[in-house]
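Student: Read top to bottom, the protein sequences are chains A and B.
According to the numbering used here, the residues represented by the first sequence are 1 to 183, in order.
According to the numbering used here, the residues represented by the second sequence are 1 to 475, in order.
A couple of the hints might just be wrong.
Beyond 10 Å from chain A on every Cβ pair, some chain B residues (computed) [as the list claims (entries may be wrong)]:
1) I30
2) N83
3) V164
4) I226
5) Y335
6) N343
Each computed DSSO-like pair below joins lysine-lysine, with the alpha-carbon atoms no more than 30 Å apart [said to hold, decoys possible]:
7) K475/B to K160/A
8) K49/B to K461/B
9) K313/B to K375/B
10) K30/A to K461/B
11) K475/B to K30/A
From the derived model, a few chain A residues whose C-beta atoms are all more than 10 Å from chain B [said to hold, decoys possible]:
12) S37
13) F161
14) D162
By construction, these hints were calculated from the structure, which means they are not laboratory data.
Quick caveat, the model's predicted, so the values are computed rather than measured.
Glycine residues also receive a C-beta, built at the ideal position from the N, C-alpha and C atoms.
Residue-level listing of the chains:
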Amino acid sequence: MSETTNATPAVYGVLAEFTNADALIDATRKARLEGYSRMDGYSPYPVGEVADELGFPRSEIGAIMFIGGLCGASFGFLMQTWVSVYDYPLNIGGKPFWSWPQFIPVTWALLVLTACLSGLFGLLALCGLPQPYHPLFNVPQFVRATRDRFFLCIEAIDPKFDLNQVKAFMATLQPESVEEVPE
Amino acid sequence: MAVETAPAPGGATEVYEPHPEGLLGGNHNINTLGDKIANVVIGVTPTPKAWWAFFLLGLTLLQAFVIGLAWLFYNGVGVWGLNQPVAWGLAIVNFVWWIGIGHAGTLISAILLLMHQKWRTSINRYAEAMTLFAVACAGTFPLIHMGRLWYAYWLYPFPNNMAVWPQFRSPLAWDVFAVSTYGTVSLVFWYVGLIPDLAALRDIARNRLQRIVYGMLSLGWRGSAIHWRRYEKLYLLLAGLGTPLVFSVHTIVSFDFAVSIVPLWHATIFPPFFVAGAIFSGFAMVVWLAVPLRHFYGMKDFITDKHLELCAKVMIATGLLVSYGYFLEVWMAWYSHSLYEWNSTMMRMWSGPYWWSYWCLILTNTIIPQLMWIKRVRCNETLLFLIAGSVHIGMWFERYVIVIALARDQVPGAWGRYAPTIWDYAVMFGSIGLFITLFCLFLKFLPMISITEMREFLPHKQGGRDGHACMENAK
Chain A
1 MSETTNATPA
11 VYGVLAEFTN
21 ADALIDATRK
31 ARLEGYSRMD
41 GYSPYPVGEV
51 ADELGFPRSE
61 IGAIMFIGGL
71 CGASFGFLMQ
81 TWVSVYDYPL
91 NIGGKPFWSW
101 PQFIPVTWAL
111 LVLTACLSGL
121 FGLLALCGLP
131 QPYHPLFNVP
141 QFVRATRDRF
151 FLCIEAIDPK
161 FDLNQVKAFM
171 ATLQPESVEE
181 VPE
Chain B
1 MAVETAPAPG
11 GATEVYEPHP
21 EGLLGGNHNI
31 NTLGDKIANV
41 VIGVTPTPKA
51 WWAFFLLGLT
61 LLQAFVIGLA
71 WLFYNGVGVW
81 GLNQPVAWGL
91 AIVNFVWWIG
101 IGHAGTLISA
111 ILLLMHQKWR
121 TSINRYAEAM
131 TLFAVACAGT
141 FPLIHMGRLW
151 YAYWLYPFPN
161 NMAVWPQFRS
171 PLAWDVFAVS
181 TYGTVSLVFW
191 YVGLIPDLAA
201 LRDIARNRLQ
211 RIVYGMLSLG
221 WRGSAIHWRR
231 YEKLYLLLAG
241 LGTPLVFSVH
251 TIVSFDFAVS
261 IVPLWHATIF
271 PPFFVAGAIF
281 SGFAMVVWLA
291 VPLRHFYGMK
301 DFITDKHLEL
311 CAKVMIATGL
321 LVSYGYFLEV
331 WMAWYSHSLY
341 EWNSTMMRMW
351 SGPYWWSYWC
361 LILTNTIIPQ
371 LMWIKRVRCN
381 ETLLFLIAGS
391 VHIGMWFERY
401 VIVIALARDQ
411 VPGAWGRYAP
421 TIWDYAVMFG
431 SIGLFITLFC
441 LFLKFLPMIS
451 ITEMREFLPH
461 KQGGRDGHAC
471 MENAK
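Chain B extracted, bound-state conformation (with noise of 0.2 Å):
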C-alpha cells in the first residue's frame, strides 16, 4: 500500500486564490496538505536539526528531574524549602503553572470549536498534546508533595481495611477528581482526533513497522460515513463536556485556597481570575510552541501570521482579566475595611520580604503584555515570542505571590521566610525537561497537526468542505 502520487514539493499543480480569512499560506490542495504534516511523521521530512537539540535539552533537563525526585524519595520533603509558615511552596506554584497552560489546549480545542472558530483547526492537535504533557506535569507536583507517594491511591475512595474513607468536603479531595478527570478527558479527546490522522498515515505508511503500528493505533478505522455521524456527535459532546470541564477545574485549583480562610486567599474573585490567568498562559505556550513549529518545520502555510495575531489577540483580553483581579484584590482589601486583608495586601505590595515578587508579577504580567495593542508588536513574531515569555514568567509569579503570603502573618511571631533548595528548582526545572521531551516525541511520532480536520477546513475547490461542518452535521 504505498502512496501513489508522490506529493509535489510547493504545494499543488493548480494555482488556488488565497484564503479569504488568510488562515491558510501556500498552495494547497487536499493531498499537499496532507503530505505535508504527515511527511513529518513517516520520515519524508527529514528530521530538522533543532529537534535533537530540544530533545537532547529536554532529556538533560529530564535528568534534573529524574534525580531530583530520587533524592526526595530517599529523603522526604525535608529537602525542599517548605517549613512553617511557607508549607506549599514551588510544588503548589508549579502544579496551579502546569495545569494552567494546559488550559488553553482545551480551550482551543472545545470552546472555538462550540464558537465556530475555524481558526482553531490547524492549532488544536498540538495545543491538546500541550495540554496533556502539562497536565502529566501538573500532576507529578501533588503527588510528590505528599511526601509519600507510595500512598498515593490513598487519596481515591475504596473500601479498604483502615475502614477510612477521603473527607469529600475538602477541596484537596475535590482537586484529585478533578485532576484526574481532566487529564483522562483530554487524552480521550485527544486520541479520538488523532483516529482517522492515524488510519491516514497507516495508508501511506512507507514500511511495515509503521504500518502495523499507525495500523494498531487507528483501531482499523476506514472513513464510513455511519462511522463519521457517531464520530462527530462524540467529538461534539465531548467538546461540550470539556468546556464546562476547563471552566470547573481551575476553579477547584482556586478552591484549593479560596476555601481557607487565610487573608488574601478567601477571595470570591479567584475561580475567575484563575481561570482567565489559565488561559492567557496556556495561550502564551501556544505561541511559544507555534513559532519554532513555523521556523523549524515550516508550517507557516497552515499556522499563519493570523494565527498569532489571534493567539495575540485572546492575551491581551484574558491579560486583562487577569489584571482586574490584580485591581480587584487589592480594592477589596481596602474597601472591606478587613485590618487583616489590608495589613496582609501592604505586607504583600510593600513593606513584606518579598514585594520585589509582587512588582515582577505586575511587570511581567500586566504592563509588558500591553504592547500588544500595538498592531506592529503582536504582528511581529520575535516581539510576540518574548512578551509571551513575559507572560510565562508573570503567571508563575502570580502563584508564588499567593503562595508566599503564608510567610507574613497578622502576628509577628508567626513570621517567616522561604527559600527554595537547589532541589526544588531541579524538580521544578526538570518538570520543563519533562514536557519538552514529551512534546519533541510527539512532534516525531504523531501528526502535529490535523489532517482530518484541515482537509476539511479546505475550501471547496481545494478538495474540502470549507470549514469544519461537526457543528451542523454532528448528530
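So that you can see chain A by itself, here it is in the shape it has in the complex (with noise of 0.2 Å):
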C-alpha cells in the first residue's frame, strides 16, 4: 500500500486457533461480550451456534428462494397459457385451449428449477463466491479450517479494533495460536 520502508503490512485482522468447536463457540460469544462486532469463525463441519453468537441468526437464501421459485412458476404457467390460448391453439381431445391444470407438472418442474437455481447463485453472491483468494489464506495454520481445527478472525475493520488489545484479548481465550493475518 505505502511506498515508505518502514511500513508494516496493512493486517486483515488476527486469528485464534482452537482445537474444538465448544472452544470456538465460547471465543465467539465472550468476543461479543468484549464489544467486538466484525469477526467471523471458521469449521470444517458447520456449528450453528457459532453464527448466532456472531449475530446472524437467520440467512436470506429462503427469500431468495422463494422469490425465485415464484418467478419460476409464474413465467412456466403465463407461458404455457399465452402459448396454449393465444399464439398457438391446439384442439387437443377438445379440451378447453385453458385447460389449467395440465399445466402444472411444468409450472411445478420451473419453481424447483429456479428455486434451485436463485438458491445456488444467491449463496455464491452472497457469500462473495468464488474467491481463490482470501488473506486468511495466508496464514499457515489456516488450512486446518477444513480439517479438524476452529479459528475465530476478529477483522482489523472493527470499530474497536487495536492489534494488540485484540491480541491480548486472545490469548485470554486459551486458543492454540494467535496469529495476524497479513492483508
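Two independent chains are provided; combine them into the complex using the hints.
Tutor: Take a look at the structure:
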C-alpha cells in the first residue's frame, strides 16, 4: 500500500485457533461480550451456534429461493397459457384451450428449477464466492480450518480494533495459537 | 500447504466406544475419518486393482454404446426392433429403468435428511453420484428414440420462425421439463454438498495440480460461520424441494403411460406404483455399489452392516408396495368388469406371447425379495447382493411387461410381435457401460463419502457434533 520502507503490512485481522467447536462457540461469545462486532468463525463443519453468537440468526436464502421459485412458476404458467390459448391454440381431444390443470406439471418443474438455481447463485453472491484468494489463506495454520481446527478472526475493520489489545484479548481465550493475518 | 499430521493407518490413537447405533465402525476421530476418505482421491491409498477391472469393463461397454449410437444416427431408428404395434420398445424400458435407479439417490439425500435419519450420511454422496449418472443414462434414451437427435432442442419452448410451440397438454412435453429439472437439481444438490469437501481436498492436496483443480472447484470455500449458515439453509431447502420433485418426476414418467387410454396403461395406480418401484430399484443399486466400496476400498467402517440392513428393510417395504401394485392391476381389471382390461390382463399373464416375462417379473420382484424378511439372509452381504441383482432384473421386466402389452390389442389384426435387435442391446448394455465408467471416474477423483457430513456426524468425544445438526441450525 505504502511506499515508505518502514511500513508494516496492512493487517486483515487477528486469528485465534481452537481445537474444538465448543471452544470456538465460547470464544465467539466472549468476543461479542467484549464489544467486537466485525469477526467471523471458521470450522470444518457447520457449527450453528457460532453464527448465532456472531449475530447472524437467519440467512437470506429462504427469501431468495421463495422469490426465485415464484418467478419461475409464474413465468411457466403464463408461458403455457399464452402459447396454448393465444399464440398456438391446438384442439387436443376437445379439451379447453386454457386447460390449466395440465399446465401444472411444467409449472411445478420450473418452480423447482428456478428456486434451486436462485438458491445456488444466491449463496455464491452473498458469500462472495468464487473467491480463490483470501487473506486468511496467508496464515499457514488455516489449512486446518477444513480439517480439524476451529478459528476465530477479529477483523481490522472492527471499530474497536487495536492490534495489541485484540492479541491480548485473544490470548485470554486459551487458543492454540494467535496470528496476525496479513492483508 | 502440506498435511501436518500423518494419518494413523488403523484409525485414531485414542480408543473410542463403539457407535451406539452401529453406524460407524473402526476407531475414528475427525482426522482419521477424513483421511480415510480423502486418501483415495489424493492418491495416498493406491487405486485398487478391481477399479481397473471395472473401469475397463465400463469402457468396453461404453464402446458398444458409442458404436450403437453411431449406427443408429446413421440409419435411423429402423435399426431397432421397434414397429407397430410395439412402438416404444427397449428405449422407453431403459429410460424408465434408469430414472428409477436414480431416484434412490435423491431419496437418501433429501427425504432421509428431512426425516433425521443419520444413516444417510455415509451413503448419500455416492448415491447422489449414482442419481446423476443414472439420469444421464436415462436422458439419452428418449432423445435417441426421437431418431433425429439434432432436432432435440425442438422439445423446448423457444420462439422460432416455424411459429410452432410444444404441446403442453402432453405428458411427453412434461417429461422434458421433469427430467431436465431433475438432472439440474440433482447436479446442484450434489455440487453444493461437495464444496466443503473440495475445500478440504484443496488443503491436503499432495501436488500443485490437485491444489489448483480442487481449489478452483471449491470456489475458495473457507468454512466461515456466516457462509455455513446460508449453506445449511440452502442444503435443507434443496432437500425440501428435492423430496416432492422426486415424487413428481416419476409420477410424470408414469403419466407417459397412464394418461393414454390403452388398457393396462390407463390406471390411477401408476404414479404411486412407479414411485415405489423407483425407490425399490434405486436401493438395489445402492446395495450393488456399497458392496464393492466396502470390499475394494475398505469402507466397512462407514458403510457398515447396519447400513446394508437398513437398505434391505427399505427394499422390503418398497418391494411390498410394488407387489401391491401388481395385485391391484389384476384386481382392477377384474373388478372393473371391463372386457378389454381383463382380456389384456389375461394376454399379459397367460395367453399372450410374452406371458413368461410377466412371471419373470413376479419371481424376481415379488417372490425372491421376500427372502429379505429373514434376518440371516438380509445380513448376509452375498445374498443381499444377489437379491438386489434380482430386483434389477425384476424392475427391468416390470417396464418391459408394460411396454410389451401393446403386442396384443383387442383386434387380432392389430397383433404383432416385438424382438429387440442387436442394436437395441448395444445401446442398452452400452448405457450400463456409461454408468460404470462415470462412477469409476467419480470414485477416483471425488470423495465417495461426504467428509464434512461424516465429521459432523461423529460423536462429540471423537471431534464431531453427534449427528447432522443441519435441521436445527439451518435458519
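Student: Next, verify each hint and record whether it holds.
Tutor: So, going through the hints one by one against the coordinates:
no.: 1; hint: I30; result: violated, 5 Å
no.: 2; hint: N83; result: holds, 26 Å
no.: 3; hint: V164; result: violated, 6 Å
no.: 4; hint: I226; result: violated, 5 Å
no.: 5; hint: Y335; result: holds, 27 Å
no.: 6; hint: N343; result: holds, 24 Å
no.: 7; hint: K475/B to K160/A; result: holds, 29 Å
no.: 8; hint: K49/B to K461/B; result: violated, 36 Å
no.: 9; hint: K313/B to K375/B; result: holds, 10 Å
no.: 10; hint: K30/A to K461/B; result: holds, 24 Å
no.: 11; hint: K475/B to K30/A; result: holds, 23 Å
no.: 12; hint: S37; result: holds, 13 Å
no.: 13; hint: F161; result: holds, 18 Å
no.: 14; hint: D162; result: holds, 23 Å
When each numbered hint is compared with the structure, violations occur for hints 1, 3, 4 and 8.
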